[in-house]
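Chain A is already provided as a structure; the job is to place chain B on it using the hints.
2 protein chains.
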Amino acid sequence: MTESKTVTIHTHQTAPTQFVEAKGLRFAYRRFGKSSGVPLVFNMHFTGTMDHWDPAVTDGLARDREVILFDNAGISSSSGEVPNSIEEMAANAAAFIRAVGLPQVDVLGFSLGGLVAQELAVAAPELVRRLILLGTGPRSGEGMASLTPEAQKIFGARYAEPDHLWLKVFFTPSEFSQAAGRAYLKRFRLRVDDREPDVSDKVAAAQVEALTKWGAPRENPFEYLKAIAQPTLVVNGDRDVIICSMNSWILQQHLPNAQLILYPDANHGSQYQYPERFVRHASLFLSEEDARASARH
Amino acid sequence: MTESKTVTIHTHQTAPTQFVEAKGLRFAYRRFGKSSGVPLVFNMHFTGTMDHWDPAVTDGLARDREVILFDNAGISSSSGEVPNSIEEMAANAAAFIRAVGLPQVDVLGFSLGGLVAQELAVAAPELVRRLILLGTGPRSGEGMASLTPEAQKIFGARYAEPDHLWLKVFFTPSEFSQAAGRAYLKRFRLRVDDREPDVSDKVAAAQVEALTKWGAPRENPFEYLKAIAQPTLVVNGDRDVIICSMNSWILQQHLPNAQLILYPDANHGSQYQYPERFVRHASLFLSEEDARASARH
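In order, the protein sequences belong to chains A and B. If you read the first sequence in our numbering, its first letter stands for residue 1, the second for the next number, and so on. If you read the second sequence in our numbering, its first letter stands for residue 1, the second for the next number, and so on.
Just chain A, with the same shape it has in the complex (with noise of 0.2 Å):
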């Protein structure tokens, strides 16, 4: 069994669920890629699982280095509670990605999983080598202190098809980006087996009250992003309805070294509109020398 796991290459649709013990917690992961170099651990979503990744995403950034995706505390086959914090989540990741046993990692982190993302890089910065955040925000960002109206409104309707709830949170009503939504959903549906149970209700009330108490107004608000020296790309549509786009801007102008990246016509979910663009600009990214350490040689 352990002789075919280290020849087997696993995929998105393939990896197996597996399970490691930190914290009292139970964590549920999967892991899969090109094992060199440094792995990319995935932060996700308001109310997703890890089933809710796009395959062209993990796949595609797999080609080149070991991925990997887990399921925070409380959330779907993870024990443990959901907290009512940002930097709790944070903790639970930590101790996630150490009882895996990582010295250091990538960490790409999703809106609500981009907050968890730079509050791991502010509280436990030697795990983290490079940062990617997606569709996220800073503390205190624009529209940040409660959900917007559009968010509220998306996820308040009822749809036909519960899937189709991610075509309103991901891309714009623009035929284009609605085309390439139905896709995303054809593929985060293709793993058939072993997938991971939906989240509990308990779930959303837990991390509304994390990101409202990360996005109410303070002093300074963006005086903590000067601490995280990690190289950073800052990706978004320039239409996002959930976390406006004015938020990545911010991130960018106040992170110390961070790449921003717009991409057209699309929402919150633009790595899922143009997914080949994404892996791309983050496979450079995250393969690319760091230019100011390379200055200093």
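Rather than coming from a laboratory, the hints here were simulated on the basis of the structure. The model shown is predicted, which means the values in this text are computed figures rather than measured ones. Glycine residues also receive a C-beta, built at the ideal position from the N, C-alpha and C atoms. Any given hint could turn out to be false.
Now the stretches of chain B that chain A is said to cover, found in silico as 3 or more residues with beta-carbon under 8 Å [as the list claims (entries may be wrong)]: (1) 157-163; (2) 261-271.
Residues from chain B that keep clear of chain A, each with C-beta distances beyond 10 Å, as calculated [as the list claims (entries may be wrong)]: (3) 20; (4) 277; (5) 284.
For chain B alone, kept in the frame of chain A given last:
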């Protein structure tokens, strides 16, 4: 002569200066690189000649396409006068492109050249397949009704080495950025033979007049951008003090199909600070299928 020319692949250093006539003007230009696909025409910044392009950028892009540098009317060894409007500069650029016999090109414009590139896409859309806009801004952009205070100070100062002007215009004061600037100064002086003479004293005044007319406040200033249907890549540094970085955000938000990339700790010449990164991003953009066009098939 003709025979040897077809087998020689010229570079930024070796491409001979050629001349072509149109509209009673004689345009100086150079072409080099892989002669297949759609050529990329470079539009130069304030008071620059075609010798101010960075060979790391031009030769980098010329690996996969033909690159065409030229001096617009009244610049260096091109004949005529520098017009006092962007519209006339764009009309001259269009005349040059047609005179070289090219039915359609990709257009790169940097700073003042980025204004010319936008106007070229508006006035002669059939000539332009894709646009790359570097360190530039829209009509009535922020701080564009005159030279910015920083630009006035930088262009008004005297420098022990005249080339050191560009360390201030294109790079931030950080040690990292200044080191990249010194590397750029070496690269753009690598071509020794057959350089273009510096521009005459009259050039700056006419260009400033054109810049300030473009930047003057008007009603619905960004409306014209809706007519630019070409896929566009907008690139800038995050600390541009010559045409402030916010103008790149405005371009992206108002162009129908634009991708924005901002580079960290970079001023007006971010593509010279990160030439390899920029060449990769620009090459990806130019070689990519148009996602919208392919979605229609």
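Exercise. Which of the numbered hints above does this structure break?
Worked result: When the structure is compared with the hints, numbers 1, 4, 5 turn out to be violated.
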